[in-house]
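Chemist: Take a look at the letters that make up each chain.
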Amino acid sequence: MSKSNIKNIILIGNPNTGKSSLFNSLTGLNQKVGNFPGVTVDKKTGSFKIKQTKITVVDLPGTYSLNPNSEDEKVAKNYIEKANEDDIIIVVADVTNLKRNLLLYTQIIDQGKQVILVLNMMDLLQKNNQEIDLSKLSNLLGCPVIPINARIEKGIEELKHAIISFQKKENSFIESNSSSNVVDETMLRFNKINQIVNECLIKKGEDKSYLLTKKIDNIITHKFYGYLIFLGLLFIIFQAIFSWSSYPMDLIENGFIWLSNFVADVLPKGVLNDLIVNGIIAGLGGIVIFVPQIAILFAFITILEDTGYMARVSFLMDRVLRIFGLNGKSIIPLLSSTACAIPAIMSARTISNYKERLITIMVAPLISCSARIPVYTILIALIVPEDSYFGVFNMQGLLVMGLYLLGFVAAILSAWVMKLIIKSKQHSTFTLEMPIYRSPRWKNVGFEIFSKVKIFLFDAGKIIIAISIILWVLSSYAPGTKFEEISEKYTTETIQQQHTEQEIESLIASEKLEASYAGIIGKTIEPVIRPLGFDWKIGISLVTSFAAREVFVGTMATLYSVGDEDNTKSIREKMMMAKNPQTGEKLYTTATTLSLLIFYVFAMQCMATLAIVYRETNSIKWPIIQVVYMGALAYLCSLLVFNIFS
Amino acid sequence: MTLDQLIENESGIIKHINDENLAIQLLAMGFILGEEIKVERIAPLKDPILITSGTNYISIRKADAKNMDIEKLK
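If you read the sequences in order, they're chains A and B.
Using our numbering, you'd call the opening residue of the first sequence number 4 and step up by one each time.
Using our numbering, you'd call the opening residue of the second sequence number -11 and step up by one each time.
Simulated from the structure, these hints should not be mistaken for lab results.
No residue lacks a Cβ here, since even glycine has one placed at the ideal position from N, Cα and C.
Certain hints may be false.
[Claimed, not checked] Now the in silico label distances, taken between C-beta atoms and shown as ranges:
1) Leu278/A / Pro32/B: 28 to 34 angstroms
2) Lys446/A / Ile(-5)/B: 41 to 47 angstroms
3) Lys457/A / Ala51/B: 39 to 45 angstroms
4) Lys446/A / Asp57/B: 54 to 60 angstroms
5) Ile219/A / Asp57/B: 29 to 35 angstroms
6) Val420/A / Ala51/B: 19 to 25 angstroms
7) Glu389/A / Ile(-5)/B: 52 to 58 angstroms
8) Ile(-5)/B / Asn621/A: 39 to 45 angstroms
9) Ile(-5)/B / Val412/A: 33 to 39 angstroms
10) Thr216/A / Ile1/B: 21 to 27 angstroms
11) Ile1/B / Tyr392/A: 35 to 41 angstroms
12) Lys171/A / Ile(-5)/B: 43 to 49 angstroms
13) Ile9/A / Ala51/B: 48 to 54 angstroms
14) Gln(-7)/B / Pro443/A: 52 to 58 angstroms
[Said to hold, decoys possible] Sample of chain B residues lacking proximity to chain A, with all beta carbon distances greater than 12 angstroms (derived):
15) Gln(-7)
16) His4
17) Arg29
18) Lys34
19) Leu61
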């Protein structure tokens, strides 16, 4: 393909203009998410083909103008400034708010860039009793103007055609250097925009677009109902995660038990068989099973953002969060943290005040993320039966909600402490647009779920499989001739008379595990975690959890699979039967299980999050502080809980 | 007078914004000098407030509203 057959286009526009819908329509599934160099702002790129021409598309973060107010906006501004002279910049504007949206367009034109103006939400214009003269607008602005309705993909073909038939030309909006002061310059632009809009936009009646939104706001931001609705929503989300998802999860669990039996039978017996069944399949099964819960959680978060509800919650919570050194905008990272701290910490970029942003980043990982769900689910099942109800509420669901609440309270209190410690003189603001309420764009929700589950399965999955294999090796081999000695010990006649064949097998297996390399690692850290009620097997899990918390489940699966030759039991059943080798009593007592749960609520056990914190704060100091303060919190609280319940 | 002195559903004309950064930000969000501004709602805890100008609808803190000089409409 020759160079002339490739074109680059850049999408830019105000927030809430339907830019991402357009991006999805243009590129379909042919897109990937990366990073802009040096910063962790999501860089969405994609491509499509039209008449032998390959068009690559870059989607920039939403911005109101080229006078940046946040990290996100800075990225958009820098990218536009460095854009190639052949790149076509597509300014996506909300036609129902044309005046404001045109400001960005005029700034980009005056940078000497090539622009196509896309007017989105054309359908709403009619509803608002307005009409627009498109050819006049195109003439006055001196650039192609394409009307679209991204929601139903109307106008996309016309836009594609405009892109390939685009002709470069010189253009400017206001005279350069006409004012040194940004405020005066912006007013100059608005004066000219006003004239143009008045000529092109015909008002045929009253604009009623905001009437419904304001009515809904009367309830959503009500001093009593507002908070009630918010709490109710949270409650529904958590119940959904724990009851709706149980059916697909059972299916997946049974599927993996079947798969491991099948593979164990088909493959010849030996090391490879053992590695695949007890290493890889066991580790993988522990991950795939949580896809339904993660999909549901991301679905809710995307819907709440997409409908405009999240902005209202921020508005309701700003005054409260300010007490704790946070910002109303912190509610988005804090709520997103229930899914994953990584996108959450990145979304803190919209907070323009450095101190508030830093505190949000520092406490976000205390909020229980979806990676903790597997751990919570499996541990809670050990102490609360599945069919136990408190009234109509599922007891397990309530307990998980309690753990989430605990994480949230810890985050808020830590934020308050940090507010007292971290010094800043920067002015703090809460200027946030309240988008009009609209039904969620299901396609976007679908894209979001798809990409998040993909990241979870493949990015996390890779690490998890690698760790599963390492663990299997560490737990299947021992230094020197330890294993042979153990096998020999059990061949003596006295032991064979005292125990059945099966008992001997499991005794050998557990002794071998203890003697293995994994056992040695676990035993080394055991003295430190013994006061919390943990044994060396849990110790191994705590170490491997550093790759990702959900690895806990895979680790447990691998550790307890070694020795279970029949693969008939789920991990939960195996853990339920686990015994404390010293006392011979059940290992996962209420005290130990609760202590472990608390540990997972507080401890900073995620390398990926630490890496993001390092990049976002641009300093090694903050991730280190985070590990230390969260670790201390986890240790002390687990110690306390274990001693109360034992 | 300043914007923070308005109660719910009262309107005014934006005269001047004393903080330059705030002025640049609000202009870009569609709050243009000389145009009408209305307090739609005051948060349950008295702060922040929701304001509109034309079809632009945003929230802003009282402290920033204090920096916005307005002329109250009857």
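Chemist: Look at each hint and say if it fits the structure.
Modeler: Results for each hint:
1. Leu278/A / Pro32/B: 28 to 34 angstroms: Violated, at about 59 angstroms.
2. Lys446/A / Ile(-5)/B: 41 to 47 angstroms: At 42 angstroms between Cβs, range holds.
3. Lys457/A / Ala51/B: 39 to 45 angstroms: For lysine 457/A and alanine 51/B the Cβ distance comes to about 43 angstroms; the hint holds.
4. Lys446/A / Asp57/B: 54 to 60 angstroms: violated, 45 angstroms
5. Ile219/A / Asp57/B: 29 to 35 angstroms: holds, 32 angstroms
6. Val420/A / Ala51/B: 19 to 25 angstroms: holds, 24 angstroms
7. Glu389/A / Ile(-5)/B: 52 to 58 angstroms: For glutamate 389/A and isoleucine -5/B the Cβ distance comes to about 54 angstroms; the hint holds.
8. Ile(-5)/B / Asn621/A: 39 to 45 angstroms: holds, 44 angstroms
9. Ile(-5)/B / Val412/A: 33 to 39 angstroms: Given about 35 angstroms between the Cβ atoms, the range holds.
10. Thr216/A / Ile1/B: 21 to 27 angstroms: holds, 24 angstroms
11. Ile1/B / Tyr392/A: 35 to 41 angstroms: Hint violated: Cβ distance 60 angstroms, outside 35 to 41 angstroms.
12. Lys171/A / Ile(-5)/B: 43 to 49 angstroms: violated, 54 angstroms
13. Ile9/A / Ala51/B: 48 to 54 angstroms: holds, 50 angstroms
14. Gln(-7)/B / Pro443/A: 52 to 58 angstroms: violated, 38 angstroms
15. Gln(-7): holds, 19 angstroms
16. His4: violated, 10 angstroms
17. Arg29: violated, 6 angstroms
18. Lys34: violated, 7 angstroms
19. Leu61: The claim stands: leucine 61/B keeps its Cβ more than 12 angstroms from every Cβ of chain A (closest is about 19 angstroms).
Consistency note: the structure conflicts with the earlier hints numbered 1, 4, 11, 12, 14, 16, 17, 18.
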